[in-house]
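Asker: These are the residues of each chain, in order.
Number of protein chains: 2
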Amino acid sequence: MSMIYFGNYLERAMTIETRGEKLAGTEKLVAAPITNDVGFLLAKLHAAGSVLNNQALAEFDLKERSYSVLILANSGLEPTQRELADFLSLDPSQIVALVDELEKRGLVVRAPGKQDRRAKTVTATPAGAKLHARASEAAARAETEALDGLEAAEVATLKALLRKALWGHTE
Amino acid sequence: MSMIYFGNYLERAMTIETRGEKLAGTEKLVAAPITNDVGFLLAKLHAAGSVLNNQALAEFDLKERSYSVLILANSGLEPTQRELADFLSLDPSQIVALVDELEKRGLVVRAPGKQDRRAKTVTATPAGAKLHARASEAAARAETEALDGLEAAEVATLKALLRKALWGHTE
DNA sequence: TATGGATTGTTGTAAATGTCAATGATTTAT
DNA sequence: ATAAATCATTGACATTTACAACAATCCATA
Numbered sequence: 202m203s204m205i206y207f208g209n210y211l212e213r214a215m216t217i218e219t220r221g222e223k224l225a226g227t228e229k230l231v232a233a234p235i236t237n238d239v240g241f242l243l244a245k246l247h248a249a250g251s252v253l254n255n256q257a258l259a260e261f262d263l264k265e266r267s268y269s270v271l272i273l274a275n276s277g278l279e280p281t282q283r284e285l286a287d288f289l290s291l292d293p294s295q296i297v298a299l300v301d302e303l304e305k306r307g308l309v310v311r312a313p314g315k316q317d318r319r320a321k322t323v324t325a326t327p328a329g330a331k332l333h334a335r336a337s338e339a340a341a342r343a344e345t346e347a348l349d350g351l352e353a354a355e356v357a358t359l360k361a362l363l364r365k366a367l368w369g370h371t372e
Numbered sequence: 202m203s204m205i206y207f208g209n210y211l212e213r214a215m216t217i218e219t220r221g222e223k224l225a226g227t228e229k230l231v232a233a234p235i236t237n238d239v240g241f242l243l244a245k246l247h248a249a250g251s252v253l254n255n256q257a258l259a260e261f262d263l264k265e266r267s268y269s270v271l272i273l274a275n276s277g278l279e280p281t282q283r284e285l286a287d288f289l290s291l292d293p294s295q296i297v298a299l300v301d302e303l304e305k306r307g308l309v310v311r312a313p314g315k316q317d318r319r320a321k322t323v324t325a326t327p328a329g330a331k332l333h334a335r336a337s338e339a340a341a342r343a344e345t346e347a348l349d350g351l352e353a354a355e356v357a358t359l360k361a362l363l364r365k366a367l368w369g370h371t372e
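Top line first, the protein sequences correspond to chains E and P.
Residues 202 to 372 (our numbering) make up the first sequence, in order.
Residues 202 to 372 (our numbering) make up the second sequence, in order.
Source of the hints: derived by calculation from the structure; they are not laboratory data.
Treat the numbers as computed from the prediction; the structure is a model and nothing was measured.
Even for Gly, the Cβ is constructed at its ideal location relative to N, Cα and C.
Wrong hints could be hidden among the right ones.
One side of the interface only, derived from the structure: several residues of chain P facing chain E at Cβ under 8 Å [as the list claims (entries may be wrong)]:
| hint | residue |
| --- | --- |
| 1 | 244 |
| 2 | 247 |
| 3 | 272 |
| 4 | 273 |
| 5 | 355 |
| 6 | 365 |
| 7 | 366 |
Simulated restraints on C-beta separations [said to hold, decoys possible]:
| hint | chain 1 | residue 1 | chain 2 | residue 2 | range |
| --- | --- | --- | --- | --- | --- |
| 8 | E | 298 | P | 310 | 36 to 46 Å |
| 9 | P | 293 | E | 369 | 47 to 57 Å |
| 10 | E | 293 | P | 334 | 31 to 41 Å |
| 11 | E | 259 | P | 316 | 49 to 59 Å |
| 12 | E | 330 | P | 349 | 31 to 41 Å |
| 13 | E | 319 | P | 305 | 44 to 54 Å |
Pairs of lysine-lysine, DSBU-like flavour, derived with a Cα cap of 30 Å [to be verified]:
| hint | chain 1 | residue 1 | chain 2 | residue 2 |
| --- | --- | --- | --- | --- |
| 14 | E | 331 | P | 321 |
| 15 | E | 365 | P | 360 |
| 16 | E | 264 | P | 321 |
| 17 | P | 331 | E | 229 |
| 18 | E | 365 | P | 229 |
| 19 | P | 315 | E | 365 |
| 20 | P | 331 | E | 360 |
| 21 | P | 229 | E | 264 |
| 22 | E | 321 | E | 305 |
| 23 | P | 365 | E | 360 |
| 24 | E | 331 | E | 360 |
| 25 | P | 360 | E | 264 |
| 26 | E | 360 | P | 360 |
| 27 | P | 229 | E | 305 |
| 28 | P | 229 | E | 229 |
| 29 | P | 360 | E | 229 |
| 30 | E | 229 | P | 365 |
| 31 | E | 305 | E | 264 |
Model the full structure from these sequences, guided by the hints.
Answerer: Quick look at the structure:
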């Protein structure tokens with residue numbers, strides 16, 4: 202059960218030769234009917250943004266995965282690992298590894314749940330909060346870059362539609 | 202360089218117990234600021250749709266990957282493997298494996314490129330066209346299900362915005 | 001209140017996927 | 001002609017994913 206249409210493999214030559222003929226091959230297939238498939242479009246735009254995101258986060262020794270856990274640890278919502286797994290659609294064992302790493306770096310702490318001692322809540326330390334603040338600026342720049350083909354109003358519309366599709370409310 | 206925010210792990214119990222309390226934990230985190238991150242929203246909606254897609258395609262012994270190759274082989278555009286790799290953001294070696302499997306099943310054929318005999322174009326056989334026709338219906342149903350929170354006009358808007366973000370044109 | 005069943009975090013493992021370098025055949029450039 | 005680049009392919013290795021098993025804890029109910 203593969204998770205994604207495709208990956209983020211990028212032609213190495215493209216980074217230095219990003220102009221014309223190289224993209225022609227890519228553009229040619231834009232005419233294919235698969236570009237009417239929303240799942241395909243979501244995957245492709247996500248893959249493109251993902252590269253920029255990970256580049257921006259590498260400076261802080263974070264990846265999208267660990268960054269998203271760090272955000273949620275900073276949210277004040279005191280998520281448990283199970284909640285993180287559900288929300289991020291990750292296997293609980295992957296959350297263990299992510300939290301292990303962040304905790305080892307002193308960015309988050311585990312605490313037993315107040316009502317349920319089996320559960321462990323993940324909250325950010327001051328160091329985690331500081332890193333999150335810096336990383337989120339870089340991530341915001343990466344998002345802007347990934348969506349630079351859209352006007353600000355269009356980005357807002359896109360966000361609203363995605364939120365509505367996911368949770369049924371546009372606010 | 203990880204490709205995705207997260208995966209498509211799904212709570213097994215959710216398939217039989219899809220009503221209330223199970224989702225409450227998930228809903229709680231919707232308040233977190235990460236839900237304003239377009240990359241996150243793209244990843245999450247894609248992951249959700251991906252599960253439905255793969256379920257729908259399993260009937261035809263296809264996954265999203267092989268299905269997308271099958272679509273492009275059916276497009277009449279005669280893509281080369283290199284073009285497939287670029288368009289799907291996959292390493293050329295993964296294309297080899299995907300085409301190998303489809304070719305073994307008699308769904309596509311490789312042919313040397315007309316101008317460039319190094320390149321191999323991938324085109325669908327009649328059997329491939331037939332399977333594609335059936336699979337695309339199932340995939341369309343899965344997409345409808347994944348986006349059932351949106352009106353038809355909203356889906357159209359979403360599609361247009363994604364296309365514009367990717368290729369700079371909305372048509 | 002005791003007992004069985006479910007849930008949480010955790011560990012470990014096998015399969016799938018990603019990454020990358022090397023190769024022969026062919027094309028392109030000089 | 002010769003050198004450099006490109007294409008498909010193979011293979012080696014790292015990372016990610018999916019899943020089963022387990023102890024600790026909670027929950028329902030008898």
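Asker: Decide, hint by hint, whether the structure agrees.
Answerer: Structure-based check of all given hints:
no.: 1; hint: 244; verdict: holds, 5 Å
no.: 2; hint: 247; verdict: holds, 4 Å
no.: 3; hint: 272; verdict: holds, 4 Å
no.: 4; hint: 273; verdict: holds, 5 Å
no.: 5; hint: 355; verdict: holds, 6 Å
no.: 6; hint: 365; verdict: holds, 6 Å
no.: 7; hint: 366; verdict: holds, 5 Å
no.: 8; hint: E:298 <-> P:310: 36 to 46 Å; verdict: holds, 43 Å
no.: 9; hint: P:293 <-> E:369: 47 to 57 Å; verdict: violated, 41 Å
no.: 10; hint: E:293 <-> P:334: 31 to 41 Å; verdict: holds, 40 Å
no.: 11; hint: E:259 <-> P:316: 49 to 59 Å; verdict: violated, 40 Å
no.: 12; hint: E:330 <-> P:349: 31 to 41 Å; verdict: holds, 38 Å
no.: 13; hint: E:319 <-> P:305: 44 to 54 Å; verdict: holds, 48 Å
no.: 14; hint: E:331 <-> P:321; verdict: violated, 52 Å
no.: 15; hint: E:365 <-> P:360; verdict: holds, 14 Å
no.: 16; hint: E:264 <-> P:321; verdict: violated, 36 Å
no.: 17; hint: P:331 <-> E:229; verdict: holds, 24 Å
no.: 18; hint: E:365 <-> P:229; verdict: holds, 16 Å
no.: 19; hint: P:315 <-> E:365; verdict: violated, 47 Å
no.: 20; hint: P:331 <-> E:360; verdict: violated, 37 Å
no.: 21; hint: P:229 <-> E:264; verdict: holds, 24 Å
no.: 22; hint: E:321 <-> E:305; verdict: holds, 16 Å
no.: 23; hint: P:365 <-> E:360; verdict: holds, 14 Å
no.: 24; hint: E:331 <-> E:360; verdict: holds, 26 Å
no.: 25; hint: P:360 <-> E:264; verdict: holds, 28 Å
no.: 26; hint: E:360 <-> P:360; verdict: holds, 13 Å
no.: 27; hint: P:229 <-> E:305; verdict: holds, 27 Å
no.: 28; hint: P:229 <-> E:229; verdict: violated, 44 Å
no.: 29; hint: P:360 <-> E:229; verdict: holds, 19 Å
no.: 30; hint: E:229 <-> P:365; verdict: holds, 16 Å
no.: 31; hint: E:305 <-> E:264; verdict: holds, 16 Å
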